[in-house]
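Engineer: Got chain A sorted already, so can you dock chains B and C onto it with the hints?
Residue numbers (our numbering), protein chains in the order written: chain A, 1 to 236; chain B, 1001 to 1292; chain C, 2001 to 2364.
Among chain C residues calculated to face chain B with C-beta under 8 Å, some are:
{"hint": "1", "residue": "L2152"}
{"hint": "2", "residue": "L2329"}
{"hint": "3", "residue": "T2330"}
{"hint": "4", "residue": "V2342"}
What follows is a list of derived Cβ distance ranges for each label pair:
{"hint": "5", "chain 1": "C", "residue 1": "I2311", "chain 2": "B", "residue 2": "V1094", "range": "29 to 37 Å"}
{"hint": "6", "chain 1": "A", "residue 1": "P219", "chain 2": "B", "residue 2": "G1153", "range": "54 to 62 Å"}
{"hint": "7", "chain 1": "A", "residue 1": "R129", "chain 2": "B", "residue 2": "G1058", "range": "50 to 58 Å"}
Below, a list of computed lysine-lysine pairs in the DSSO-like style, where the Cα atoms sit at most 30 Å apart:
{"hint": "8", "chain 1": "B", "residue 1": "K1279", "chain 2": "C", "residue 2": "K2235"}
{"hint": "9", "chain 1": "A", "residue 1": "K204", "chain 2": "A", "residue 2": "K10"}
{"hint": "10", "chain 1": "A", "residue 1": "K126", "chain 2": "A", "residue 2": "K79"}
{"hint": "11", "chain 1": "C", "residue 1": "K2154", "chain 2": "B", "residue 2": "K1264"}
{"hint": "12", "chain 1": "A", "residue 1": "K183", "chain 2": "A", "residue 2": "K7"}
{"hint": "13", "chain 1": "C", "residue 1": "K2154", "chain 2": "B", "residue 2": "K1121"}
Hints in this document: simulated from the structure, not taken from any laboratory.
The beta carbon of each residue, even a glycine, is placed where N, CA and C say it ideally should be.
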Amino acid sequence: MALLEIKGLKAYYGQIEALHGFDLELEEGEITAVLGANGAGKTTTLRAICGMVKAGGAITVEGENVVGMSTESIVAKHKIAHVPEGRGTFVRVSTEENLRLGAFTRRDREIEKDYERVYHYFPRLKERRSQQAGTLSGGEQQMLAVGRALMLRPKIMLLDEPSFGLAPIITEELFDILGQINKEEGVAMLVVEQNANLALAISKNAYLLETGNVAMMGPADQIMNDEQVRKSYLGY
Amino acid sequence: MDLFIEQTVSGLATGAIYACLALAVVMIYQAIDHFNFAQGEMAMFSTYIAWYLMDDAGLGLPFWVAFVACIVLSFIGGAAIERIVFAPISDAPVLSHIIVFIALFSMFNSLAGFLFDFTPKNFETPFGHTPFIDGVISSHRVGMIAVTLILLGLIYAFFRFTPIGLAMRAAAASPESARLVGVRVGFMLALGWGLAASVGAVAGMLIAPITFLTPDMMLGTLLYGFAGAVVGGLTSPLGAVIGGFMVGILENWMGTFVVGSQLKLTVALVLIIVVLLVKPAGLLGRVVVKRV
Amino acid sequence: MTSTQVNGNVPAFLNENPKDRIVVLGVPLPLLERVGLFVLLAAVVVLPMVYDGYDIYEFGKILMYMLAVLGLNLLTGFNGQFSLGHSAFFAVGAYSTAIMMDQLGMPYWTTIIPAAAVCFVAGFLFGLPALRLDGLFLALATFALAIATPQLLKYDGIAHLTGGVQGIVLDTPYPPAWIDSIVMSITGEELSVDRWKYMFTAFVAVIMFAGAWNLVHSRTGRALIAIRDNPLSAKTMGINLAMFKSSAFGVSAMYTGVAGSLFAIMDEYLAPESFTFAEAIKFLVGGVVGGIASLFGAIFGGWFVLEIPNIADLVASSLADYINNPQGLTGLIYGLFLIFTVYVMPMGAAGLVQILVHRISTKR
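Pulled out of the complex, with its shape left as it was, chain A reads as follows (with noise of 0.2 Å):
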């Protein structure tokens, strides 16, 4: 059984259906892209999975179904980091404690030694410690997200638009130690990203959606290789 599986996703703005009913799922040490166009219903698959969107359908992550928990039992029991569009960063603490509050819901003795795991993927972080993180530069922030969720010690890390309002030579680097992180700890993660290519890269599989419903799930090769996703999304 697949880490995180969702069987007839449906989601919900007020009265309006935004996704319809689809299928997807990530295995576990994984990285899955979700592609698709904007309003596609990518960023509301990822909130739906962690319980900001009424959801409809069953999102069952290690067994248990998430589907009416709140996010934050969501986040503590099943160990589900979003690092979400916008980055989501505290603004007005320091680096290090915005890295304190992505362990917020650890109990264990090692959250001082995990500050050192994350300025090993980001020195940089290191260096901006006892800044405050709105002083942050857009790469920097993104990081720290990234930074953040990864204190949590995740098993699943959902990356909405990670490379949002980056330039294209963070944006690699970032993608480089995304697949790191991926490969050193083992954390599955759900990626969506209108930077197809890059994604891709670094994905096993991908589900490329449109208007709530999944059009296209493979192997990411085969996904990249797709005459129609090359055309309307890879350019080229």
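Structural biologist: Frame of chain A; chains B and C shown alone:
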């Protein structure tokens, strides 16, 4: 000159009370973007509870036992008010919140008179009313300043150095992100209300020996608390504390040397309006972007 | 659902009232409203023929509170600005009348219009800086105004006018001789002062209510509502926000101020303690429980705030063995009703009626 020093020092003492109330107001404002117009009445009611705990007509407990018990009870009461009264209307329009705050104001004010009657009561002080420095400050006022500084120090340490304090700041500033790291935002809001109510209770217990205990004793005090919060910056707890002390001193200077004691509240009114118009961010706050 | 949605669309034509198209049980709603108005008017006229003494005085008080609440409703319900400080304008009206009578020796009935003007100006001037204060901050500023008012009224510097803490005792408002003689010739009885006070109050209240009615149903009224619902769109439609909002504050203060004038005349006495924050709470209770965006609501609200203390007394006297301080009960009941209204019927009593009407109505 003596008068000036005396007025400044005693302003510092009342300023300590305003600082407490300003801090309580700012804590709530940061958490839910609303002014707790009932903060003063909650503090007044807490003070009545303390009075009941220590008075011979009540339980007759020693001062410091009653003091601590009152803080704990106020904390529970404040948290309960958030959970029971405000959590269900968290998405309601501004006007609904204002109405509920005013409802609480009215209810606490009435309930105090209803339960404890309207005659002014003496409120004990453990510091006594003897002169501390002759002609400058009394022992009770020194006690007021000392207790306030200890309280503010504890609160600062709590927010700065404990994970819960950090989570409360995070929950107040960006609730959605806080949820994503597993912070129970509703629980943090209730804690914040509890803390604010406790801080208010301390303010009430410190001012009551000076003003006497009546249901209306906090009306003017709360106004100065608001003035302190506005002057210091509604988004800055430190600013609110500094603002509270400044307003306390300013109140005495204006009252003694400029407008006379009869227009003190008008000074607070003018101060609030002028600062809101001219420098809405206050001394240390951020400008709150107006959402249209 | 109802007309207080914050982000509702601005009506395309300020000249059209959407209510005109609603039909209730075969009767157009505007007609029904007018019938309702005439029934109320008839009641207002008949009351002094039936009641006298304290009863009729109470009815006068209801009309007085109706006006005060109406002032708040015009501001908050129809223009979306909050005020917790209308007790201050109530005071301005009352003291204007009292000082004109006491210092200038003006007859009571001549003071209403100048007092109204003074209150309009006071409200307008307060409304100017208030323009720059967003909802919540305006609430804070007006809260401060309400708290500071009683102290300001006691100020020694103006005590020669206001009477300071003692307040001012006013002449009894006797009916003019010609009215007295008319009443005498019809009924054979002398017109009692209580009845006359009521008639005078009712006269002013009816005129002012009619004025509010016309205002709300006019182009100007719909502009005010447009500003409430969507200030940005209203601005792009060419509505002068500053002018309208300050004027709304002025008109609102004028209504509550005239209520203050009537209060002074009816009670023949006023003192700073009548203008505390508790008074502002009363207006808010009346507005909210009656329905803040409704003119009819103000009538209900006026009755409500006056009736609650009576009910509280009744409760207290029946529990006299257990309760020592019945005064405390009124504020408690006010608060409970405020919370109840916010939770259960956000549009107040008028909203309930509206929903009922909606259930049985059709559109033309």
